[in-house]
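Peer 1: Put together the whole structure using the sequences plus the hints.
Protein chains: 2
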Amino acid sequence: MTSTLTQQVEQAAPQPTHRVAVELAKAYRLLNHGPTVLVSAAHEGRRNVMAAAWNMPLDFNPPKVAVVIDKQTYTGALIEASGEFVLSVPPVALVHQVVAAGNQSGRDVDDKFEACGLRSAPASLVAAPLVEGCLAWLECRLLPEPAMAGRYDLFLAEVVAAWADPAVFSEGRWHFEHDAQRSLHHVAGGAFFATGEAVQA
Amino acid sequence: MTSTLTQQVEQAAPQPTHRVAVELAKAYRLLNHGPTVLVSAAHEGRRNVMAAAWNMPLDFNPPKVAVVIDKQTYTGALIEASGEFVLSVPPVALVHQVVAAGNQSGRDVDDKFEACGLRSAPASLVAAPLVEGCLAWLECRLLPEPAMAGRYDLFLAEVVAAWADPAVFSEGRWHFEHDAQRSLHHVAGGAFFATGEAVQA
Chain A
27 MTSTLTQQVE QAAPQPTHRV AVELAKAYRL LNHGPTVLVS AAHEGRRNVM
77 AAAWNMPLDF NPPKVAVVID KQTYTGALIE ASGEFVLSVP PVALVHQVVA
127 AGNQSGRDVD DKFEACGLRS APASLVAAPL VEGCLAWLEC RLLPEPAMAG
177 RYDLFLAEVV AAWADPAVFS EGRWHFEHDA QRSLHHVAGG AFFATGEAVQ
227 A
Chain B
27 MTSTLTQQVE QAAPQPTHRV AVELAKAYRL LNHGPTVLVS AAHEGRRNVM
77 AAAWNMPLDF NPPKVAVVID KQTYTGALIE ASGEFVLSVP PVALVHQVVA
127 AGNQSGRDVD DKFEACGLRS APASLVAAPL VEGCLAWLEC RLLPEPAMAG
177 RYDLFLAEVV AAWADPAVFS EGRWHFEHDA QRSLHHVAGG AFFATGEAVQ
227 A
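So the sequences go chain by chain: A and B.
For what it's worth, the numbering used here labels the leading residue of the first sequence as 27, then goes sequentially.
For what it's worth, the numbering used here labels the leading residue of the second sequence as 27, then goes sequentially.
Hint data in this document are derived by calculation from the structure and do not stem from the laboratory.
Some hints could be false.
[What the hints assert, rightly or not] Calculated lysine-lysine pairs in the DSS-like style (CA-CA distance at most 25 Å, straight line): (1) Lys90(B) - Lys97(A); (2) Lys90(B) - Lys52(B); (3) Lys52(A) - Lys97(B); (4) Lys97(A) - Lys97(B).
[Stated by the list, open to error] Sample of chain A residues at the chain B side, in silico, Cβ under 10 Å: (5) Arg45; (6) Val46; (7) Leu57; (8) His59; (9) Asn81; (10) Pro83; (11) Tyr100; (12) Val118; (13) Val213.
All values derive from a computational prediction rather than experimental measurement.
Backbone N, C-alpha and C fix where the C-beta goes; we use that ideal spot for every residue, glycine too.
Peer 2: Next up, the structure:
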């Protein structure tokens, strides 16, 4: 099974992505199934991106999210400086780029997007860029909870805009048709699961 | 695909579960891929259980977790009173019980485990029970962050013991072989995804 999926990954070069606005009251559904995300941030002409499996919705409407981001990381520093970030939900097709974004620091390269083979697109309400080729995006503004960031590297934020590729998410639900376009769930050390079969109770 | 999985669910009655201790430093791997969990709590002879998709690891070692639990719920009240809870990771085979646990209140029934068709087993270090038939379990003690519970229904806790069914998790990794024994990822309204194919970067 894995080798078939790997072949599909090789064949599926990221295409410029369609983006359709997601109603804010349904933005939690972009994260509710627990995908690993890319976190991007920008401040004063610098930008960066990293991977984060530790994320979850925190409220429905206005939508809020929680994400754990090591303050020592360059992305963490850009978030603390700018008060903004974007969560992008990457597909299986980007698994190598996700691992690259998780393994190197933006402090060691001119531009980590380029170093990881990721392209960006402008967000609508925040300076942090969207990651091109992803399935969904949440533009976020930090909530003022510095004690949580200080004690736990835990960042709480309000989602101010949300987007999804209508090929995989529309009318408030995910509909994965191609294995390379499923979302990813990291376990450890570059081992992921793809989002699997639909189960309706 | 869904109908096949539903047939498997019907055929897979929960069996008494094997449990093997998971090294605390690797307990985060039980939640890292973003499964929906059952949260159980007990206090002064009362116990309850509910479903929670909004959970994530918060630290590696000692392991910590974050979970969103409406304080108005009976489970939330038992957690605040006892300072303890258990997260159990349910399989596809328990999807109907998970939805039942998410849809009714323990205040309306004598015992919600029985009302939902769930069985319990004693935990090792906390009074909250484990949910029998699950894939993995994390015994948790609340961290003293009442402002987070107050403002966001956000409970932070330290994991004091962790267990997994060695049929699906051993030596620090998940290995799902039967579709009814995969973990679950809730989206909304009883629509879930099963954990899918392994993807190694």
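Peer 1: The structure should be examined with respect to each hint, and the outcome stated for every one.
Peer 2: Cross-check of the supplied hints:
{"no.": "1", "hint": "Lys90(B) - Lys97(A)", "verdict": "holds (17 Å)"}
{"no.": "2", "hint": "Lys90(B) - Lys52(B)", "verdict": "holds (11 Å)"}
{"no.": "3", "hint": "Lys52(A) - Lys97(B)", "verdict": "holds (22 Å)"}
{"no.": "4", "hint": "Lys97(A) - Lys97(B)", "verdict": "violated (29 Å)"}
{"no.": "5", "hint": "Arg45", "verdict": "violated (20 Å)"}
{"no.": "6", "hint": "Val46", "verdict": "violated (18 Å)"}
{"no.": "7", "hint": "Leu57", "verdict": "holds (8 Å)"}
{"no.": "8", "hint": "His59", "verdict": "holds (4 Å)"}
{"no.": "9", "hint": "Asn81", "verdict": "holds (6 Å)"}
{"no.": "10", "hint": "Pro83", "verdict": "holds (5 Å)"}
{"no.": "11", "hint": "Tyr100", "verdict": "violated (20 Å)"}
{"no.": "12", "hint": "Val118", "verdict": "holds (6 Å)"}
{"no.": "13", "hint": "Val213", "verdict": "holds (5 Å)"}
This entry does not satisfy hints 4, 5, 6, 11, going by the numbered hints stated previously.
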